[in-house]
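Colleague: For reference, the chains in residue letters:
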Amino acid sequence: MRRAVIIGAGISGLFIAYELVKRGVKDVVLIDEKYPGSGGSLRNVGCFRASFTSPEHVVLMKKSIELWLKLREELNLELKQSGYLWVARKPETLELFERLSAFHNQYGVPTRVLSPEEAAEVQPGLNTKIVAGALYDPLAGKMPILENYTKLYLKLKSLGAKFIYPVKAVKLEVSESRVKSVATSTGAIGGDVFVVAAGGRGTRELLASVGVDVPIVDETRHPVLTEPYQEIVKPALLIDWDTPGAPYVTQTFHGSIIFARNIKDNPEMPLNSYKADAIGKTIKPMIELLPSLRYVRILRYWIGYYETTPDHHPVYGPVPPLENLYVAAGFSGHGMMMGPITGVLTAEWILDGKPSIKLAENLVIERFKLGRLIKEVAIVG
Amino acid sequence: MGGEKGPIIVCRCNDVTLDNIVGAIDQGIDDFELLRKYLKIGFGPCQGRSCLIIAARIFAKKTGRRIEEVLRNYQFRPPLVPVSVEVLVAGAEE
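Quick mapping for you: the protein sequence lines, in order, are chains A and B. Mind the numbering: the first sequence is residues 865 to 1245 in my numbering, read in order. Mind the numbering: the second sequence is residues 9 to 102 in my numbering, read in order.
Among the clues, some could well be false.
Unchecked claim - Subject to a maximum C-alpha distance of 16 Å in a straight line, what follows is the list of computed EDC-like cross-link-like pairs (lysine to aspartate or glutamate): (1) A/Lys898 to B/Asp27; (2) B/Lys48 to A/Glu1011; (3) A/Lys1015 to B/Glu76; (4) A/Lys898 to B/Glu76; (5) A/Lys1026 to B/Asp38; (6) A/Lys898 to B/Glu77; (7) B/Lys48 to B/Glu77; (8) A/Lys1021 to B/Asp38; (9) A/Lys1019 to A/Glu962; (10) A/Lys993 to A/Glu1095.
Honestly, the hints are just simulated from the structure, not real lab data.
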């Protein structure tokens, strides 16, 4: 292969490029509609965990965390494994937590159920009067995404990867079951292998241009950020499991507290269509759990997308019937944490014909047509 | 750049200096939004009201671009001044 063209210069595209370059592909081109990282990569809250509820997610995410830790040395990144604390308000939720913990432990993810008092040791100031218990994941953590993304971007540039932006990929041009080029707003870009690693809508539209359906919808989220403070939120993520939309709070390395919640909203709202009531709704439950948060001041809020598939798992691998087209999209809120494993697996599909982790094959695009969806019950963070 | 009086501060909220900006551009950051996010220019309580235009001008001059082009992806984000959580939560209904 001479040239790989990656559509989407987000964290997934960057890690795919990084693996291809490391494995000897000389000519790697990434294109982006706005600027590098302009989608979910610079809009997410930068937390990671392996404590999911499907074997696919647990195995891939555990590997991804190992890779992030290795990359910390390689690229001088920052990461902090300060854990996730899922708080239950209802006593009956603790039975579910026990089952989840047993499932995680099977795969070597050391989650455990805590009493309200133990939870208050992890998060001082937790309102134990309304807390029945918690699930704690010490393997999980957080990272400063703006710095980590940019360091990887600069590394790739120094290794010779080419970034072309702002350029909109309009459609893929096919001849004899191979993609020959991607038509863009500024002309066609040819190549030997093509990878679609764009946002939800972008990926959907580009694959539709070659007659392939991919069910990804960009669900709107409204993260809210405060002025910087000394450390208040001790775990990487504190989650209110029993409140609809699973509100959560994290604190950035810079000190800002970020609140977020899945509040019912129209999908694919423009990124500047702010809603006046989103902030209060997002914050309110967390003030009940951690009353000291009522004294913080809100600096800004923004909109981002959970690029969501029907089973909340990404779409990986080849895109048949085209022989040289691959996809890595639809991360449903987990693209940042999955970045390194996305890069490794996609490069393996391209260069070796199959991924080294067999479970990843369950995430191919055909699963939607064949009805082989993957089940998960816990989608936050 | 800087000189006898010490570093030249561009973003006062987050202590971003002229040297930081020039250094990041020299390292290969070629988009103003990426630069802004990497260095957290305009991320503090002033939300860019004092530093944004200065930083954008430095970037425009150094990269030979027009300032309109440099700022094409910039978006103001509400609320424009820091607001207490208690005020915002008081009006929130489920």
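Colleague: Does each hint hold? Answer for all of them.
Modeller: For each hint, the structure was consulted:
1. A/Lys898 to B/Asp27: violated, 27 Å
2. B/Lys48 to A/Glu1011: Holds, at about 10 Å.
3. A/Lys1015 to B/Glu76: violated, 26 Å
4. A/Lys898 to B/Glu76: Measuring from Cα to Cα gives roughly 15 Å; hence the hint holds.
5. A/Lys1026 to B/Asp38: Roughly 12 Å between the alpha carbons, so the hint for A/Lys1026 and B/Asp38 holds.
6. A/Lys898 to B/Glu77: holds, 12 Å
7. B/Lys48 to B/Glu77: violated, 20 Å
8. A/Lys1021 to B/Asp38: holds, 11 Å
9. A/Lys1019 to A/Glu962: violated, 43 Å
10. A/Lys993 to A/Glu1095: The given pair, whose Cα atoms are some 23 Å apart, is violated under the 16 Å limit.
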